[in-house]
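Per our numbering, residue 78 is the first one in the sequence shown, and the count goes up by one each step.
Hints may be right or wrong, so weigh each one.
Pairwise CB distance ranges, derived in the manner of DEER restraints [as the list claims (entries may be wrong)]:
| id | residue 1 | residue 2 | range |
| --- | --- | --- | --- |
| 1 | Ser202 | Gly122 | 36 to 44 angstroms |
| 2 | Ala270 | Arg168 | 17 to 25 angstroms |
| 3 | Arg274 | Gly222 | 33 to 41 angstroms |
No more than 16 angstroms apart at the CA atoms, straight line, and that leaves these computed lysine to aspartate or glutamate pairs for EDC-like [claimed, not checked]:
| id | residue 1 | residue 2 |
| --- | --- | --- |
| 4 | Lys221 | Glu261 |
| 5 | Lys221 | Asp265 |
| 6 | Lys249 | Asp211 |
| 7 | Lys221 | Asp267 |
None of these hints come from the bench; they were simulated from the model. Virtual Cβ for every residue (Gly too), placed ideally from N, Cα, C.
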Amino acid sequence: MNTILLVRHGTTDWVDQHILHGITDIPLNENGLRQARQAASALKGITAHALYTSPLSRCVQTAQEIGGALGMTPLHKEGFKELNFGWLEGRPIRDHSSQEYGYWVNLFDHHLHQFIRRISGESLSAFNQRVTRDWRAILAENPKGTIVVVGHSAVFNSILTNYFGRNFPPGKTYYTLHPGSITEIHLDPDGQAQLVRMDDTAHLG
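Given only the sequences and the hints, what does the whole structure look like? Please build it.
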């Protein structure tokens, strides 16, 4: 059996200001570094067989903290870069992790962003293909044991949707994963997935 621990990177100035990152490389801020250390502390003591990360700095910094706690060197996976949002990157967006906006506003934003990505960034189909390619690669490299992956919200949404479908919370069009959160999945030898915990932020105090 595989235990998969998905750790979203710590926060950045852009996350705090609800500005869209995408592939724009923005480092962690002071609070993000603290979240990375707290996530590392929460994982300290586990027996991990591999530690992977997106190559973008906000993930690399988080992975380095976790690697220090686990005595491991993070391995970069190009396919785990965040979704390229094209013209939307660097622009403020509505914070749909809150309950302030209803379903129709979420749906409007979802389709508007999808259209802009297609003409200026990366299609969801191309994005899912590259995430799936590297995901399959790390599972082939680690047929059993515990795998830690440090990544982005859209990357983890791609993985979660592949296993669990679009069972989003009411009024949402995606799975909400907060900075520094840990999501745990168990995979049996047949590849069947069990969601053990989602968006766990208890370690962040």
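Checked hints:
1. Range check, Ser202 to Gly122: about 40 angstroms between beta-carbon atoms, so the 36 to 44 angstroms window is met.
2. Between Ala270 and Arg168 the beta carbon distance is about 34 angstroms. The supplied range of 17 to 25 angstroms is therefore violated.
3. A C-beta distance of roughly 19 angstroms is found between Arg274 and Gly222, which places it outside the suggested range of 33 to 41 angstroms.
4. For the suggested pair Lys221 and Glu261, the alpha carbons sit about 15 angstroms apart, so the restraint of at most 16 angstroms is met.
5. At most 16 angstroms may separate the alpha-carbon atoms for a hinted pair to count; Lys221 and Asp265 meet this at roughly 9 angstroms.
6. Restraint check for Lys249 and Asp211: not satisfied, since their Cα atoms lie roughly 27 angstroms apart, outside the 16 angstroms limit.
7. Under the criterion of a C-alpha separation no larger than 16 angstroms, the hint pairing Lys221 with Asp267 is consistent with the structure, at around 11 angstroms.
Of the hints listed earlier, those the structure fails to meet are numbers 2, 3 and 6, in rising order.
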